[in-house]
Amino acid sequence: MSRIRQALFRLQSVFRRKAFEAEMSEEIRTHLEMQTEANIAAGMTPNEAHYAARRDFGGVDQIKERYRDERHPRWLEDCFRDLRHSVRVLLRERAFTATVLTIFAICVAANVAIFSVVDGVLLKRLPFPEAEGIYTVYDSYPKAGFDGGISVPHYLERSREITAFAESAAYRTVWVAAGDRGSTQGIEAMATSAGFFSLLRSAPVLGRTYTEGETALGSPHVVILSDTLWRSRFNADPAALGKVLMMDDEPYTVIGVMPASFRFPTTHPVAWIPLVFTKVEQTDLYRHGAMLAGMCVRLRPGVTEAQARIQLDALNTRTLKRDPYAKMVVEGAGYHPAINGLHATMVARIRSVLVFLQAGALFLLLIGAVNLANLITVRAVGRAREYSVRRALGAGSARLGRSIILETLVLSLTGGAVGIAAGLAALRVTFHTFSERLPFDMSAQPDLSVCVVTLAGAMLSGLLLSIPVVWQTLHENLTLSLSSESRTGTTTRSMQRVRQGLIIAQITLAFVLLSGTGLLSLGLFKLLSVNPGFRPAHVLTGMVDLPAFRYPEAKRKALALQISERIRALPGVSSSGISTLLPFTWNGGGAAIVFKNRKPTPEEAAEPHLVVSVAGDLFTTLGIPLVRGRLLGDGDVSTVQKACVVDTKFAQRYWPKGDALGSAITPDSGPDPVYYTIVGIVGAIKQNDLASEKDFGTMYVPYGGERNVMLALRTVEDPVSLGTTLDKVVKQVDPYLDVHDVRLMEARIDGSLSGRWVAVALAGLYAGVALLLATIGIYGVLAYTVAQRRREIGIRMALGARPDQVLRMILGSGLRMLAFSLPAGAIGAVLIGRVMAGFLYGVGPTHFGVLATTSAVLAAAAMAACLIPARRAARVAPAEALRST
Amino acid sequence: MTKEKADLLQGTLDMLILKALQIEPMHGFGLSVRLRRMSKELFQVEMGSLYPALCRIEARGWIKAVWGISDNNRKARYYSLTHSGRKQLGEETNRWETLSTTINSMLRAT
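Residue numbers (the working numbering), protein chains in the order written: chain P, 1 to 885; chain R, 886 to 995.
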């Protein structure tokens, strides 16, 4: 404690130096005067008294000096003087300081922003108490490309029989029409089991959660509101508890409100209702139906994930024995139950993107560091004479070293601080992008520790960056360096080599980043030109919900056809259709196919196929070509004789000889299915991902009165203006209906690529900065070399060298650096291509076009950077160069 | 002068200054006079030691300085003992007594 006080006391006197000096002089003067008076009182004459006082006191200046030493140690004061000097020098060399600060700030900002996201999403725990004990349990069918859901029988058995699970909960998404008749709004509600909230250790801010009894079939309906719904429907009124919210025309009593921070297990659930299982869901028929979105468990304290997995597998072995589909799902689809940490499951989708971005940011930091090292050494050589003069005048090694280190530290700390500020600003933007995709509230707050670590890193890099300069300066031979800038001198070879090495490293790194970006962009470009199998231009789409309470199934068919009919009659519309699943609207799902005439092999039986119900001219509207047979018409919707259409992929999968027409199939694995006769084969289309190669084929059946209906219409002109008309037309049929999610088909396809766009944009940004840094680096080094060799060039020209020869000489030194770095960069690019293989579509890790383009771009940039100093060299006037010092 | 010796002397001077300030606050000149009187004119403290010592003790928080007016109407810096200074004086006195008793008994030992 007292040490700190002493330090503070001393530090204070450094800042109050003038006041301290004045006080000290005053005190000594008073002392002398008092002594003089005392001497006079003792009988001396005033003159005698004055001198005696002085004599007794001793050397005033020596005492003052000792006084000062006691007050504040010299080194501290010197440090401050050096600091002031550094700041002055840096302010004078504005171009250098600005460049260094910008580089520092960009690199630090990129890392702070990306790392804060990585930290918040990947490294922090979930925002639930004791979240490390929470796991997800699901059914995995890897061969069928199915992962994530779980069936009702599996959930019930596992939560009942596995002792490792202390608690378990299940949930599924339900789309309901909330609100009174006439003003309904389609919302995403989560049906969850009673233990859901207590498992997550989350409680409502108002009211209660539901009990086990309320999840029984036939019990009165209750609902827990999200903060959003509470605000929008009930004006955040605490009296909302006990009120009734109509959902699908049935009354639900509000029993609780969750806090705004709670959103789970999807990104934006609006309400939670008790999960009720129907009788049929619990039968073996639905054992692999994946009727639940997920199952969460909390492991018993002390139980490990591995132990839980053993129990899970043991139970699975037992249940498979009574499972009628066992052979089919295990052999055909590779079925097995899986358990995974909740956090890992939640972030799995964005993990690779984040890791990739962080790697890019670190790469940028590396390039930035190399660039800084280069700039600082270049500058140090420029100041070699200043240092030499200072040493010759008696500055000690320690003193000189300290001033160099201080100067670099001022730069690195300022750069770091600016970078943190910029990074935090960028964080607001980036974090929003990522948190939107997460099913829980991740704190977007930048960590104080991140900032502290960044500053510490900046300081460390400042120290590291100053090492070569200090070393060089202190080991320099005084006379040599004093003369190196003079008439006879040349630059030191070792320093030159270090600088060139740094430039080569920088171009190499920039090469890697540029070619990586090239590969990513090329992949995206190829993806954009992928033929989706249909013609998305001029197609407008929208969704309509036909709630059960209003429309019985039979009525829906007529209604849907009527809507489609009216849309087609609109001016400018060439065709319209209805589908339960338009391409690029939804992800996943599928059913196994059963054949009327033969038993499928286990593999065939486990392959999921999309089954899409259609009405109207859907195929014409989307532009899906007919390959053979006929299309489905409105007549097929009403007839008893069921017809269906399959796509070419489907037909080739099961009828490679081309005899698919006329076969009877069904997607219903139940005991007494309705068979559909194949009447036509249409072209295969990309269903939800242009990059997807894993597509098992689609079966189109006549619309059977499903609740969720999607509209598609093709127009002659630009369809954007029809958006509101669409809603009007639907309202004409029934004013209670509304069309939502109206979007162009092209917009849906673009939306499916948004993740790739983000990656390409960020990689492009990184690569751009890297290219800029490399160019600055080359320019800096060559410009400096030319300035240094001015005299030599002058001599050459005086002796008869032509300007173009000088130009070539300087360009040549630039080219030499390129010659080293391009091959090295190419090797790095190939390696990085291998790492990125998972992100690339249709592009191999080694793409010669990309390598060649990257080389050309870098060479052009390097040449441009060389040209300015080279031309300056060629314009050197010999007489002037020789005369200057 | 070796470091240890300097420390010993410094420490001693610090203790004597604290002792001199025990009765009342005093300025630098008064302190030098009092120190001389306390030693019965035998001990002449050098100004080159006194002022740095005052500064050092002030930094440690044992004394504090304020500007005041002297008897003959002169502005002077008055030093006074702080609470921790008083405590320090007690400790130093004890330590000194122990030390001098020990050394005396050692010197008298035969």
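For the record, the hints were derived by calculation from the structure and aren't laboratory data. Since the model is a prediction, treat every value here as computed from it, not as a measurement. Ideal Cβ positions, reconstructed from N, Cα and C, are used throughout, including at glycine. Treat the hints with care, since some could be wrong.
One-sided and incomplete, this derived list gives chain R residues near chain P with beta-carbon spacing under 10 Å [claimed, not checked]:
| hint | residue |
| --- | --- |
| 1 | 910 |
| 2 | 913 |
| 3 | 929 |
| 4 | 937 |
| 5 | 960 |
| 6 | 981 |
Evaluation of the provided hints:
no., hint, verdict
1, 910, "violated, 14 Å"
2, 913, "holds, 5 Å"
3, 929, "holds, 9 Å"
4, 937, "holds, 4 Å"
5, 960, "holds, 7 Å"
6, 981, "violated, 20 Å"
Violated hints, in rising order: 1, 6; the structure is consistent with all others.
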